[in-house]
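**Q** The residues making up each chain are set out below.
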Amino acid sequence: MAWTRARRRWAWALALVLAAFALAVPLTIARRQEPTPRGTPVNVLLEDFKVRPDAAVVPAGTVSLRIRNQGPTTHEFILVRTDLAPDKLTLQDDGLTVDEEADGIDLVDEAGGLDIDDRQTLVLDLAAGNYVMYCNLEGHYLGGMHAELTAR
Amino acid sequence: MRSSPPAEAGAASATQRTAAGGRSGIGRLVPRLPILGDLRLGRRLGWVIPVLIVLVAAIVGYNARAIDQQRGSALIVNTAARQRAFVERYTTDVLLVVDGFQADPEESAEDVREPVDVLLDGGSVRAPQGGGQRVEIPPASDRRVRLKLEQDRRLIDELIRTGDRLMDGGRRDPQYEANVTRLRVLSAQLSSVSNDAAREVTQVTEASLSRLVRIEIALGLLGVLAALALGLLLRRAGAEQAAQFRSLVNNSSDLITVLAPDGTIAYQSPSVQRLLGRRPADLVGTALGDLVHPDDRRDVSVSLTEVVEAASGATANFGCRLQHSDGSWRHVESICTNLADDPRVHGLVLNIRDVTEQAALRRSIGDLLHNLARRSQGLVDRQLELIDELERHEVDPDRLQELFRMDHLATRMRRNVENLIVLSGVDQRRRWSESVPLRDVVEAAVAEVEEYSRVQVVGIHDLTLAGQAASDVAHLLAELVENATSFSSPTTMVEVSGSPTGNGYVLEIEDHGIGMSDAELAEANRRLAAPLAADVAVSRMMGFHVVGRLAARHGIRVQLRPCWFGGVAALVLLPAVLVGSAGEHPAMAPPVPAGVMVSPEPLLLANTTQPGWQPRAHLPLRRHGAPAPNRDGDTDAAAEAGEPVE
Numbered sequence: 000m001a002w003t004r005a006r007r008r009w010a011w012a013l014a015l016v017l018a019a020f021a022l023a024v025p026l027t028i029a030r031r032q033e034p035t036p037r038g039t040p041v042n043v044l045l046e047d048f049k050v051r052p053d054a055a056v057v058p059a060g061t062v063s064l065r066i067r068n069q070g071p072t073t074h075e076f077i078l079v080r081t082d083l084a085p086d087k088l089t090l091q092d093d094g095l096t097v098d099e100e101a102d103g104i105d106l107v108d109e110a111g112g113l114d115i116d117d118r119q120t121l122v123l124d125l126a127a128g129n130y131v132m133y134c135n136l137e138g139h140y141l142g143g144m145h146a147e148l149t150a151r
Numbered sequence: 000m001r002s003s004p005p006a007e008a009g010a011a012s013a014t015q016r017t018a019a020g021g022r023s024g025i026g027r028l029v030p031r032l033p034i035l036g037d038l039r040l041g042r043r044l045g046w047v048i049p050v051l052i053v054l055v056a057a058i059v060g061y062n063a064r065a066i067d068q069q070r071g072s073a074l075i076v077n078t079a080a081r082q083r084a085f086v087e088r089y090t091t092d093v094l095l096v097v098d099g100f101q102a103d104p105e106e107s108a109e110d111v112r113e114p115v116d117v118l119l120d121g122g123s124v125r126a127p128q129g130g131g132q133r134v135e136i137p138p139a140s141d142r143r144v145r146l147k148l149e150q151d152r153r154l155i156d157e158l159i160r161t162g163d164r165l166m167d168g169g170r171r172d173p174q175y176e177a178n179v180t181r182l183r184v185l186s187a188q189l190s191s192v193s194n195d196a197a198r199e200v201t202q203v204t205e206a207s208l209s210r211l212v213r214i215e216i217a218l219g220l221l222g223v224l225a226a227l228a229l230g231l232l233l234r235r236a237g238a239e240q241a242a243q244f245r246s247l248v249n250n251s252s253d254l255i256t257v258l259a260p261d262g263t264i265a266y267q268s269p270s271v272q273r274l275l276g277r278r279p280a281d282l283v284g285t286a287l288g289d290l291v292h293p294d295d296r297r298d299v300s301v302s303l304t305e306v307v308e309a310a311s312g313a314t315a316n317f318g319c320r321l322q323h324s325d326g327s328w329r330h331v332e333s334i335c336t337n338l339a340d341d342p343r344v345h346g347l348v349l350n351i352r353d354v355t356e357q358a359a360l361r362r363s364i365g366d367l368l369h370n371l372a373r374r375s376q377g378l379v380d381r382q383l384e385l386i387d388e389l390e391r392h393e394v395d396p397d398r399l400q401e402l403f404r405m406d407h408l409a410t411r412m413r414r415n416v417e418n419l420i421v422l423s424g425v426d427q428r429r430r431w432s433e434s435v436p437l438r439d440v441v442e443a444a445v446a447e448v449e450e451y452s453r454v455q456v457v458g459i460h461d462l463t464l465a466g467q468a469a470s471d472v473a474h475l476l477a478e479l480v481e482n483a484t485s486f487s488s489p490t491t492m493v494e495v496s497g498s499p500t501g502n503g504y505v506l507e508i509e510d511h512g513i514g515m516s517d518a519e520l521a522e523a524n525r526r527l528a529a530p531l532a533a534d535v536a537v538s539r540m541m542g543f544h545v546v547g548r549l550a551a552r553h554g555i556r557v558q559l560r561p562c563w564f565g566g567v568a569a570l571v572l573l574p575a576v577l578v579g580s581a582g583e584h585p586a587m588a589p590p591v592p593a594g595v596m597v598s599p600e601p602l603l604l605a606n607t608t609q610p611g612w613q614p615r616a617h618l619p620l621r622r623h624g625a626p627a628p629n630r631d632g633d634t635d636a637a638a639e640a641g642e643p644v645e
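Each protein sequence line maps, in turn, to chains S and D.
End of the first sequence sits at 151 in numbering that gives the first Met the number 0; the numbers just go up one at a time, nothing left out.
End of the second sequence sits at 645 in numbering that gives the first Met the number 0; the numbers just go up one at a time, nothing left out.
Some clues are possibly wrong.
What the hints assert, rightly or not - Label-pair restraints from in silico Cβ distances: (1) 108(S) x 180(D): 56 to 64 Å; (2) 141(D) x 6(S): 45 to 53 Å; (3) 119(S) x 228(D): 26 to 34 Å; (4) 126(S) x 160(D): 42 to 50 Å; (5) 160(D) x 20(S): 52 to 60 Å; (6) 128(S) x 120(D): 43 to 51 Å; (7) 128(S) x 100(D): 27 to 35 Å; (8) 212(D) x 20(S): 38 to 46 Å; (9) 100(D) x 126(S): 35 to 43 Å; (10) 180(D) x 126(S): 28 to 36 Å; (11) 170(D) x 83(S): 52 to 60 Å.
Claimed, not checked - Partner residues are not named here, just some residues of chain D that face chain S (Cβ under 10 Å, in silico): (12) 166; (13) 199; (14) 201; (15) 398; (16) 400.
FYI, nobody ran anything at the bench for these hints, they're computed from the structure.
Because the structure is a prediction, the values reported are computed rather than measured.
All residues carry an ideal CB built from backbone N, CA and C; glycine is no exception.
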């Protein structure tokens, strides 16, 4: 059957649409997929005003902290190595936030500005020791937003 | 001679009415847009205009939405910022009350609650600019913003409960320290959450604004494309129309000529090459008068002057002869329109049509008519001579009376023949070189009418009429007098009187007949003022046309008007150049073209004793007995021989 010019034009348009779909779908799927965790995975949920890791003790070495803020407000995640108790960290002069440069705590890593439903994965090489996870926004730490993690 | 004016078709052309019709929807609307002028753009532009309208409306709508969002965002951020101050004030008030000082934490609590409630549920809140004004805030719609505000409200509730516990327990409460700390922590958390909510609102607004800006840019680009398309289509439509117009002008058989105010040709359409064998470029800058026949220049000049002096848009028709490059003359008719005030033209526009063939045909018909009429005239003259001879020798009164009747009928026949000669357009030129008494001319005219006995000539002044006009005036008056006797009762009289005026002499022929309607009078006066070429209409109203033509030869004005006692009065204004007092010679002025006003001139001496103008002592009077003298002197001999005489 001989193709008319109009029919050829429609065929080209259909082919272009299909090609666009074929390109867009894999990209979308790839974007939604999270990277494969390395080391020991630890899921950490942030919420008002709590930090909830699904494990309190992990093997020393590579650890993937998969952080997710469940809201209902913005939070940040800070991991420090310290031997202090989670609720005994040194506060700044305002008495509302942790002094991250105080003696006895070493900043390991942090993830700031996590809005509701935001996710972030921190892949860390943790030496054996005690660690504290907390949110250092005003009043959040004092509100109880901290948790302990131990690497052995 | 009196008849109803022919009905003229005045209905507008149906095609004109429906020229813009036959379209639907936008196609019908487009040509009415004033910005598009006369361009007939049709459906090709139909899609562009609604697209432009939609785009402009969308841009305006999005702008309004963006402005509204910016305003709402500013209010929300300001409200959130104030909340921190309200929370601090509430905390301070609580602590002051606990320490025994005067404060109003309840009011502060309300201040803390209100912004969050309004932001969540919508409502009015104190305006940031103060002054007691309140502004309406719509409820927040973004999910994250609402989550944060709801958390804010929960914290406020807990803050107020903590404050209440503090105020209830006072310093003696074992939980005092814990409550104070809790109050401070909640206050800090509230500040944090409020700031977070404000930041979220700002982000949402920025994202929304950014989206709106992108949409607006896209709409703007589409608008630019649509405007470009509209411009291109307009340009194409304009070019097509210009090409159509150019083609019409170039291929038209008519000439389009634009005359500059100084009378030179400013534009000449290419069709002049076909008509006059001249190149348009050669004519531009030359005077139109150089092309016009010398005999026609005066008429053309008069017509153009009238149009120039009339209002803008006035038109005038005139005919003339234009010279071909080979030296021949082309007869043309022109419609001249004054567009001097139109900045696009700034001159007179002449639409000139070649009527040489029609003129030749008309001349040919006229010559034919003239030749036939002259043959009949010769025979009638011979018949009248014979009757005259019989009358001289007849002694029986009854037979003489019958001969007189025959004489009258033959005289009428001769005038009819002369009418044909007049209508043929050939100037008979049977003229006397010397002036004749005006009264004799009037009486000779009356003598040509069958019912002469009903005509009363009164008050004709002792004046003379220029010889070259005498024959035509007598003919003219005879037609009018016969018309008066024919259309009035046989028992009534027709009165012919005269009176001098500032610019000549007026003869008045009054009848007491059935009269004429206003429309009939207007039509008759129009025929008298502008006699047409010989055609069917002329044959229906031959008398008026003959009178009009004869009058036009000598600048005589003839007008009909109703008499207050019934009937019609015909006024004949003889210009001063034709009239002289007895014993003086009136000026031997050349025939005056039709429609040209003759300026009053002093009456001159006239010789009233001329051959050929000897009215009979008895009735009926006739002029056929003696050959009319003319310059050539052989007129009747030629007519008798059946040959055309010039």
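**Q** Are the hints correct? Go through all of them and say.
**A** How the hints compare with the structure:
1. 108(S) x 180(D): 56 to 64 Å: violated (30 Å)
2. 141(D) x 6(S): 45 to 53 Å: About 47 Å separates the Cβ atoms of residue 141(D) and residue 6(S), which means 45 to 53 Å holds.
3. 119(S) x 228(D): 26 to 34 Å: Given about 49 Å between the Cβ atoms, the range is violated.
4. 126(S) x 160(D): 42 to 50 Å: With a Cβ separation near 44 Å, residue 126(S) and residue 160(D) satisfy 42 to 50 Å, so the hint holds.
5. 160(D) x 20(S): 52 to 60 Å: Cβ of residue 160(D) to Cβ of residue 20(S): about 56 Å, so the range 52 to 60 Å holds.
6. 128(S) x 120(D): 43 to 51 Å: holds (50 Å)
7. 128(S) x 100(D): 27 to 35 Å: violated (50 Å)
8. 212(D) x 20(S): 38 to 46 Å: violated (29 Å)
9. 100(D) x 126(S): 35 to 43 Å: violated (54 Å)
10. 180(D) x 126(S): 28 to 36 Å: holds (35 Å)
11. 170(D) x 83(S): 52 to 60 Å: Distance hint for residue 170(D), residue 83(S) is violated at roughly 31 Å.
12. 166: At 21 Å from the nearest chain S Cβ, residue 166(D) fails the 10 Å test, so the hint is violated.
13. 199: holds (7 Å)
14. 201: violated (13 Å)
15. 398: For residue 398(D), the interface hint is violated, since the closest Cβ of chain S sits about 105 Å away, which is over 10 Å.
16. 400: violated (102 Å)
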